[in-house]
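Sequence order for the protein chains is A and B.
Heads up: the first sequence begins at 2 in the numbering used here, then just goes up one per residue.
Heads up: the second sequence begins at 2 in the numbering used here, then just goes up one per residue.
Where hints are given, some of them may not hold.
When chains are identical, the list treats them as one kind, so a pair holds in a single copy or across two.
Stated by the list, open to error - List time: in silico DSBU-like cross-link candidates among lysine-lysine, alpha-carbon distance up to 35 Å:
1. 235 to 77
2. 129 to 302
3. 40 to 199
4. 295 to 96
5. 31 to 178
6. 302 to 149
The hints are simulated quantities; they were obtained by calculation from the structure and are not laboratory data.
Note that this is a predicted model, so its numbers are computed, not measured.
There are 2 protein chains.
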Amino acid sequence: MKYYIGVDIGATNIKIGLLDANFKILRKKKLYTPTFSNKEDLIEALVENITLFKKSSKCKIKGVGIGLPGLVNPEKGLVYRLVNISGWNNVYLKKILESRIGLPVFLDNDVNVMTLAEVRCGCARGAKNVVCITLGTGVGGGIVIEGKLYRGATFSAGEIGHIPLNEEGPLCNCGGKGCLERYVGNKYIVAGAVDKIKKAPLPTKIPDLVNNDLTKLTPEILSKACRKGDLMAKEIWQNIARHIGICLAGVVNLLNPEMIVIGGGVAEAGEILFKTIEKTVKERALDLPARTVKIVAAKLKENSGLIGAAVLAKEGLNLD
Amino acid sequence: MKYYIGVDIGATNIKIGLLDANFKILRKKKLYTPTFSNKEDLIEALVENITLFKKSSKCKIKGVGIGLPGLVNPEKGLVYRLVNISGWNNVYLKKILESRIGLPVFLDNDVNVMTLAEVRCGCARGAKNVVCITLGTGVGGGIVIEGKLYRGATFSAGEIGHIPLNEEGPLCNCGGKGCLERYVGNKYIVAGAVDKIKKAPLPTKIPDLVNNDLTKLTPEILSKACRKGDLMAKEIWQNIARHIGICLAGVVNLLNPEMIVIGGGVAEAGEILFKTIEKTVKERALDLPARTVKIVAAKLKENSGLIGAAVLAKEGLNLD
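Model the full structure from these sequences, guided by the hints.
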């Protein structure tokens, strides 16, 4: 049996896992990202922990895959920059790590890694043409075409969050206007909800859930309120889902995928979100691709980063 | 040398050509589509003309490629339906023609065929990730990923004309709202221009070009006015280009293509159209993919259908 190390780097946590060739997680370690004040310390911690895994496991580890929250050039093994982790500018991470740990290393951005995980081991297993969307602070996306990750001309493909929904919509921090993320990124969901609650057109118990301190509102609390049957929370989620559905109608018309996978924290809102997204896509997209596409929730949740990183390593090695 | 027959079926004309393996057109015949009152007559004319080409040429013809204006299943050789040519419902055209003419036949929709032509022999030669857009009565698109035509799960990928630009924009005849085609399809360009002229905020000589009969206005006349320096025509084209640019900003963010090819009658407006599209994409799309993408005019014009159909046949045979 062959084994792989998967690394999932996020702005909050770094997860390191040992996986077998079926991508079962055998061991797992979690580090708290803000512990590392600079990139050298973070790289040192990676080297140390990967080396420990390597030494202490009796099995033959073939390679390391790493998912990173930022812009990555997988061909060069180069990290251009990371989002919410400072000090990373044009770091040849692949080369640095390979020389230190003596194993082949493969990099990609976190959404591509999550997409790989869902397509090889998750809800989209076996599907050939898939679009993944992750809903969180940012809105990201990954694209699989004919069974292969599609990265684009400069490895930045998949930015679903920056498809414009309104030509003269609100300014997005990408410089565009009316981008999907500007409506359904975490902070915009919360800001929209606070605004709605203050205007109070509907009775709501949302303020009770944050002890009347709306600065503590999160999408998770809005989900909780929705599950409890709060009408305003329901309306808020339907509105979020409608934006996502309209954006996906465009994606469905353009790419005619067989499956769309939706993951990330916001996707936890569950049934109300998915039902409205599906309804909107059916209403807005062309008949044939709208009837064909399956819209499903990501399956692998918090382990998708580790699994996808191991898949990246395994498939990277097979390509070599 | 190997030879191919290319067929380009449109609602106005049917073109049939004999091409060599470098896709040079050696012979060409043009039929007027409305001559054929039903699909049987049209098929009969195809059989007759292809057979004539076959008999009269001394060279060895390897196969026939056909581009059709509608929804086609290239794997089954099945035409689901055609736009603006009635009577075509679920016609197994490949099988019918192969049994009559004794040559392998390959089908695809006209925009995919045009895309193939530009990527193999036109302005996008050698490019691996390309999006083509055709501007005319409808707005269509073709996608090439890693050098191969991408058709989607049910062969309907590429419908750029039905990407929504405004969530509550005007109703499109596809059932969606605010689709690109609803702003830049021929009849909407003309309707918008007539409206603008009637309100007359700018001096214009457009009415003179149609003897004051605005029902005769076409995008071609608007292009002509623009080339003559008419300020209103210029503003109209800039507005059209802005819609296209905003849509393409989303496509650039999603697909990060190396090249976007723009063809079709409307693209003849030329420099003013392309300049504004480029400017809008740079303003609205993410920096890296916006800087990377080349936006170019289709090169092959009226022969792209014949050339692409021959490419389709040649590549279809190589795959067999």
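Results for each hint:
1. 235 to 77: Neither, since 46 Å and 45 Å both go past 35 Å.
2. 129 to 302: So residue 129 and residue 302 pass the 35 Å test inside a copy (21 Å) and across (34 Å) alike.
3. 40 to 199: Neither way: residue 40 and residue 199 sit 43 Å apart in one copy and 63 Å across, limit 35 Å.
4. 295 to 96: between (40 Å within a copy, 32 Å between copies)
5. 31 to 178: Intra 38 Å, inter 47 Å, cutoff 35 Å: neither.
6. 302 to 149: both (21 Å within a copy, 33 Å between copies)
Hint violations for this structure: numbers 1, 3, 5, all remaining hints satisfied.
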